[in-house]
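Residue numbers (this note's numbering), protein chains in the order written: chain A, 972 to 1086; chain B, 112 to 221.
Simulated from the structure, these hints should not be mistaken for laboratory data.
Nothing here was measured: the structure is a model prediction, and the numbers come from that model.
Ideal Cβ positions, reconstructed from N, Cα and C, are used throughout, including at glycine.
Heads up, some of the hints might be wrong.
[To be verified] Derived lysine-lysine pairs resembling BS3-like cross-links, with alpha carbons at most 25 Å apart:
1. K178/B with K1013/A
2. K1028/A with K1013/A
3. K153/B with K1054/A
4. K167/B with K1028/A
[Unchecked claim] Facing chain A, a subset of chain B residues (Cβ under 7 Å, in silico):
5. Y150
6. S154
7. P155
8. L157
9. F160
10. N164
11. Q208
12. F211
[Stated by the list, open to error] From the derived model, a few chain B residues whose C-beta atoms are all more than 10 Å from chain A:
13. I129
14. T173
15. T213
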Amino acid sequence: EPEVTQTPSHQVTQMGQEVILRCVPISNHLYFYWYRQILGQKVEFLVSFYNNEISEKSEIFDDQFSVERPDGSNFTLKIRSTKLEDSAMYFCASTGWDHLNYGYTFGSGTRLTVV
Amino acid sequence: QKEVEQNSGPLSVPEGAIASLNCTYSDRGSQSFFWYRQYSGKSPELIMFIYSNGDKEDGRFTAQLNKASQYVSLLIRDSQPSDSATYLCAGGNTGNQFYFGTGTSLTVIP
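Chain A extracted, bound-state conformation:
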């Protein structure tokens, strides 16, 4: 079964440092997403990406965040200057053309801890 792969599984970083979270979506999928889940809270939308550009973003996705699909396979989320409140599980997800009929496939997540 095709998978969405995320690396690293756990990242610890100091406040103010830049982090890059990496994802390899399912190869024939077209839409890519980043969600985050603070411990004990709901899964929150950050950004969606289609056709090499951001299609939607939430209020959480401010200027400190950016996404890239640099090489046609990887999909990255960069946080420029991390804050304590960025500590969360970050999930990458992807879907094909008909997301309303098939939903997302989530990756296993990256646990980001900002100290």
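Place chain B on chain A using the hints.
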């Protein structure tokens, strides 16, 4: 504001019983609804989706949708201890993002 509301639980049922999980949504433009299962520390895993009014069955799982009442439910028949997890309800419309509820914690007692 597009919201999906779920009773956070915890919900406890004995093994073999039916577990009933409920969800309401605020956006009448939502077209499809998804139930994800999430084990502690793991990513959400899609169980079922539904977009037509009525019931949809898949094995031990039945999703129910009532668009007039803006209500979605998931029934798990013959509940097993391995079904113990948090169940997330999500709604989607023609935009790209899904809106997740906070999840209902289910414990199946052997």
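Inset, instruction - Starting from the hint list further up, note which numbers the structure goes against and sort them upward. - result: 4, 5, 10, 15
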